[in-house]
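Number of protein chains: 2
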Amino acid sequence: MATLIAPDHSFAIEDAEVLRKAVQGLGTDEKAIISIIGYRNAVQRKQIRQAYEENYQEDLIKRFESELSGNFEKAVYRWMLEPADRDAVLANVALRNVTQDYRVIIEIACVDSPHELFAVKQAYHLRYKRSLEEDVALHTKGHFRQLLVALVSTYRYGGDEINASLASEEANILQKAINGKHINHEETVRILGTRSKAQLNATFSQYKIEYGTSITKNLRGGPDDEFLAALLATIQCIYAPQKYFAKVLHNAMHKVWTDKDAVTHVIVTHAEKDLKEIKELYCKKNNMTLEHAIDKETSGDYKAFLITLLGTQNG
Amino acid sequence: MATLIAPDHSFAIEDAEVLRKAVQGLGTDEKAIISIIGYRNAVQRKQIRQAYEENYQEDLIKRFESELSGNFEKAVYRWMLEPADRDAVLANVALRNVTQDYRVIIEIACVDSPHELFAVKQAYHLRYKRSLEEDVALHTKGHFRQLLVALVSTYRYGGDEINASLASEEANILQKAINGKHINHEETVRILGTRSKAQLNATFSQYKIEYGTSITKNLRGGPDDEFLAALLATIQCIYAPQKYFAKVLHNAMHKVWTDKDAVTHVIVTHAEKDLKEIKELYCKKNNMTLEHAIDKETSGDYKAFLITLLGTQNG
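Protein chains in written order, with this note's numbering: chain A, 2 to 316; chain B, 2 to 316.
What the hints contain is simulated information worked out from the structure, not anything from laboratory work.
We put the CB at the ideal spot given by N, CA and C, even for glycine.
Some hints here could point you the wrong way.
[What the hints assert, rightly or not] Using 20 Å as the maximum straight-line C-alpha spacing, the simulated PhoX-like pairs for lysine-lysine come out as follows:
#1 Lys142(A) <-> Lys177(B)
#2 Lys130(A) <-> Lys198(B)
#3 Lys142(B) <-> Lys177(A)
#4 Lys75(B) <-> Lys47(B)
[Claimed, not checked] Stretches of chain A that chain B covers, calculated by requiring three or more beta carbons in the stretch to come under 8 Å of a beta carbon on chain B:
#5 149-159
#6 232-245
[Claimed, not checked] Short derived list, chain B residues pointing at chain A, Cβ under 7 Å:
#7 Arg128
#8 Ser132
#9 His140
#10 His144
#11 Ser154
#12 Tyr158
#13 Glu188
#14 Thr195
#15 Lys198
#16 Ala199
#17 Asp275
#18 Lys285
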């Protein structure tokens with residue numbers, strides 16, 4: 002469930018007016034900005050952008066970029082983009098980054114629905130005049146590339162039907178493929194890269210039944226190999242995405258320097274989807290509410306914005 | 002250009018009535034069927050199916066299947082399906098066939114536009130409750146699988162922009178990848194499987210300029226390897242699809258037993274698109290019109306139907 006608190010109706014013209022006042026003149030009224038966009042869903046934000054453009058002949062996102070700064074600016078920018086376009090931007094940033102973080106690519110490919118992933122790929126075409134596939138392929142190599150390109154390319158079947166005997170058969174293939182000295186990358190990529198999520202979840206469950214341990218447990222603690230790390234993230238994103246994101250938040254805030262990009266990414270991307278479940282899992286695992294952790298690790302308008310998106314009024 | 006001769010307006014109710022008379026009672030009036038469906042475009046055929054279903058509470062395609070037989074039935078069945086659904090069926094037939102003919106898979110993946118290919122994948126989901134990707138992956142192996150799965154998975158950028166220095170760089174990579182003793186499958190699959198068609202055509206042209214010979218020429222006469230054969234078909238389908246299909250028709254009709262499936266496939270799939278160009282190339286290459294060849298190699302209602310789709314009145 003979402004944590005975002007948004008009204009049922011749109012007030013695009015009034016909202017655009019408030020935002021216009023907030024960005025005009027000397028100084029910027031960040032609180033006013035948060036009081037509007039922190040309580041509007043994707044459709045309403047899009048309508049606000051349109052109303053703002055029509056009434057003031059400028060792009061609201063560009064205006065925000067020139068008025069705001071730092072982590073707050075980044076969070077607002079990402080929040081204001083349409084979801085598919087936002088994922089396209091996040092993927093591109095991940096690929097261009099010096100410390101390339103391919104987890105974002107795996108998250109987009111494996112957590113989004115097949116149709117959402119397709120929308121991201123369309124947005125990527127529109128924005129970069131290239132395909133997501135070619136950029137992922139260009140920046141990677143070997144089996145790691147095979148897995149990542151397969152994940153972003155595939156248009157999985159989205160139905161709930163599963164084939165139980167196939168699940169058993171492929172759990173067996175994965176067990177042999179992963180646990181041997183020589184990993185069978187080809188079969189692993191084939192299964193993870195083409196089967197439907199429902200079928201893969203059946204396969205992972207069958208794995209646990211047949212081998213007495215979860216497939217992710219068998220992958221952890223293995224050699225420090227980028228293929229295996231990507232494989233682990235892939236399975237986690239498909240099998241238990243909320244648990245996966247609760248862990249991303251934990252890892253981001255339990256280091257010397259908080260990884261604010263990761264925090265922003267999870268909150269902004271999930272506030273309208275399943276942040277409630279992620280919050281609960283975070284709390285259970287860390288004996289601390291996510292709000293409390295964010296309160297400790299962030300500050301200023303950035304903090305106020307994230308806390309708003311966490312919908313604290315909802316508990 | 003299309004060869005199909007279709008009226009500007011729809012006469013779906015009247016058409017459905019004529020077809021109803023043609024299939025009712027003892028015997029079937031094949032000529033009447035050809036006189037209608039042989040002159041209707043995809044939108045009009047869809048409207049006829051809908052009108053027929055509404056007025057007579059039965060599926061026209063199913064009725065055709067029970068009334069017709071042999072190659073004529075197959076051609077009518079394929080012609081009546083919506084284009085994306087037809088390609089989904091053709092792909093599935095190719096995969097289930099004992100003498101698996103992967104050319105059809107390559108044709109669908111490389112000749113259709115990126116958006117058309119996506120529509121085929123959606124139709125495949127709907128019809129088979131699986132993805133095209135997983136079925137292609139299941140029936141193939143090794144580098145051949147890597148290429149084929151990449152081709153059907155990818156959502157290429159569809160724009161016309163090209164990067165000339167990239168074309169030169171990748172022509173060089175392909176030259177080295179293909180001509181060495183050890184083929185670099187990985188880079189070949191990356192380039193062919195992810196770049197836009199405009200970019201690939203620029204790369205193939207650059208190849209010819211830099212190495213004095215076309216890339217397809219360098220692939221022909223090589224070892225009898227399924228990967229290389231697939232690679233050749235891929236390049237031909239991207240670079241010169243009409244020439245490729247003229248050759249498919251030539252090959253289908255220049256053997257002891259005419260490959261009627263291949264003939265049907267090309268005519269039915271291209272009558273509304275570019276069969277005029279294919280006809281011209283066929284004639285130039287074989288010193289014989291395509292109509293004349295089909296007249297020689299086929300017979301009966303099947304022949305009459307194909308000749309109708311060839312739009313002979315247009316010359």
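Against the structure, the hints:
Straight-line distance between C-alpha atoms of lysine 142(A) and lysine 177(B) comes to about 18 Å, which keeps the hinted pair within the 20 Å bound. Distance check on the hinted pair: lysine 130(A) and lysine 198(B) sit about 13 Å apart at the alpha-carbon level, within 20 Å; holds. A threshold of 20 Å between alpha carbons decides the hint, and for lysine 142(B) with lysine 177(A) the separation of about 18 Å falls inside it, so the pair holds. Simply put, lysine 75(B) and lysine 47(B) have alpha-carbon atoms about 18 Å apart, close enough for the 20 Å limit, and the pair holds.
Taking a C-beta to C-beta cut-off of 8 Å, the region 149-159 of chain A contributes 8 residues in contact with chain B, enough for the three needed, and the coverage statement holds. Coverage of the region 232-245 of chain A by chain B is violated. Counting CB-CB distances below 8 Å, 0 residues qualify, and the rule asks for three or more. For arginine 128(B), the interface hint is violated, the least distance from its beta-carbon to any beta-carbon of chain A being 11 Å, above 7 Å. With its C-beta approaching chain A no nearer than about 4 Å, serine 132(B) sits inside the 7 Å limit, and its interface hint holds.
A least Cβ separation of about 11 Å between histidine 140(B) and chain A goes past the 7 Å threshold, and the interface hint is therefore violated. The criterion of a C-beta within 7 Å of any C-beta in chain A is not met by histidine 144(B), whose closest approach is roughly 10 Å, and the hint is violated. Residue-level restraint check for serine 154(B) holds (minimum Cβ-Cβ distance to chain A is 4 Å; threshold 7 Å). Among the interface hints, the one on tyrosine 158(B) holds; its C-beta lies about 5 Å from the nearest C-beta in chain A, closer than the 7 Å criterion.
At its closest, the beta carbon of glutamate 188(B) sits 10 Å from a beta carbon of chain A; the interface hint therefore is violated under the 7 Å criterion. Residue-level restraint check for threonine 195(B) holds (minimum Cβ-Cβ distance to chain A is 4 Å; threshold 7 Å). Using the Cβ-Cβ criterion of 7 Å, the hint placing lysine 198(B) at the interface with chain A is not satisfied: the shortest such distance is roughly 11 Å. The beta carbon of alanine 199(B) is not positioned within 7 Å of any beta carbon in chain A (closest approach about 11 Å), and the interface hint is therefore violated.
The beta carbon of aspartate 275(B) is not positioned within 7 Å of any beta carbon in chain A (closest approach about 24 Å), and the interface hint is therefore violated. Hint on lysine 285(B) is violated. Least Cβ distance to chain A is approximately 35 Å, over the 7 Å limit.
Of the numbered hints listed earlier, those contradicted by the structure are 6, 7, 9, 10, 13, 15, 16, 17 and 18.
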